[in-house]
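K.L.:
Sequence:
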Amino acid sequence: MIVLGISISFYVEKQNAIAYKNELKMESLLKLKNNLLSELEGFHFDYEIHSTANKYADILYYRGLQLYQTNKDSLGFYLSYVRNANTVFVENDEEYSALVNSGLIELIENRNLVSLLQKKYTDQKWYEKNNQLLLDLYLTDKRLDPFFESKNRRNHKGVVGYWTAYKPNKRYLNDEEINRVSETGLMHSLYSNLIKRAIIQDSLLIKEIDKELIN
103 MIVLGISISF YVEKQNAIAY KNELKMESLL KLKNNLLSEL EGFHFDYEIH
153 STANKYADIL YYRGLQLYQT NKDSLGFYLS YVRNANTVFV ENDEEYSALV
203 NSGLIELIEN RNLVSLLQKK YTDQKWYEKN NQLLLDLYLT DKRLDPFFES
253 KNRRNHKGVV GYWTAYKPNK RYLNDEEINR VSETGLMHSL YSNLIKRAII
303 QDSLLIKEID KELIN
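Each residue of the sequence shown is one higher than the one before, starting from 103 at the first, in the working numbering.
Check each hint, because a few of them may be wrong.
[Said to hold, decoys possible] Simulated pairs of lysine-lysine, BS3-like, Cα-Cα distance not exceeding 30 Å:
1. K221 <-> K298
2. K313 <-> K298
3. K227 <-> K133
4. K133 <-> K309
5. K123 <-> K133
To be clear, the hints were calculated from the coordinates, so they are not data collected in a lab.
In this text, all values refer to a predicted model and were calculated from it rather than measured experimentally.
Could you put together the complete structure from these sequences and hints?
P.N.:
Below you can see the structure in the form of structure tokens.
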């Protein structure tokens, strides 16, 4: 009778411990979901910035000379946007690391969710490297600065930077300079595609987290 009582007590303690760990897992997944929802909002903003910069680079490549001849305000606007458009990729893996380090990730029954989480936080490092590459190779390039007027500066919407008209007495961009603009646009395009991929990843993760939370 005593042995049976001890066995039941151990069983109850074990079940309580499992229930507590499951509760912690659910709390962690809920926090992770909320982080992803906030992250998605930022990714949509980033995608808009970089895809717009790519679009403006194409306009400059194909119609830049025409704008130089007819509308230097627009030329300055497009050129400065491509030059200044930047966002900062912030790696946010705190909640995922907590899941892994605590061992709670082993309690996730949805193995597809586990695979998606592992892939996301591996891919994040690649996104961050490409973000830094865009900044280092193109957005710190000062060669186009002399083409902008220094007066009547206006803020770019959504971009940290100003725009002004193209200097009225300044020559048009040479082949090397316009090719540099085109290369910058290509980098914006590549990065916006990575951000689009990140948006898809986060959206799938949220769906899989919801499945785990319901179980």
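K.L.:
Broken hints, numbered, in rising order?
P.N.:
none
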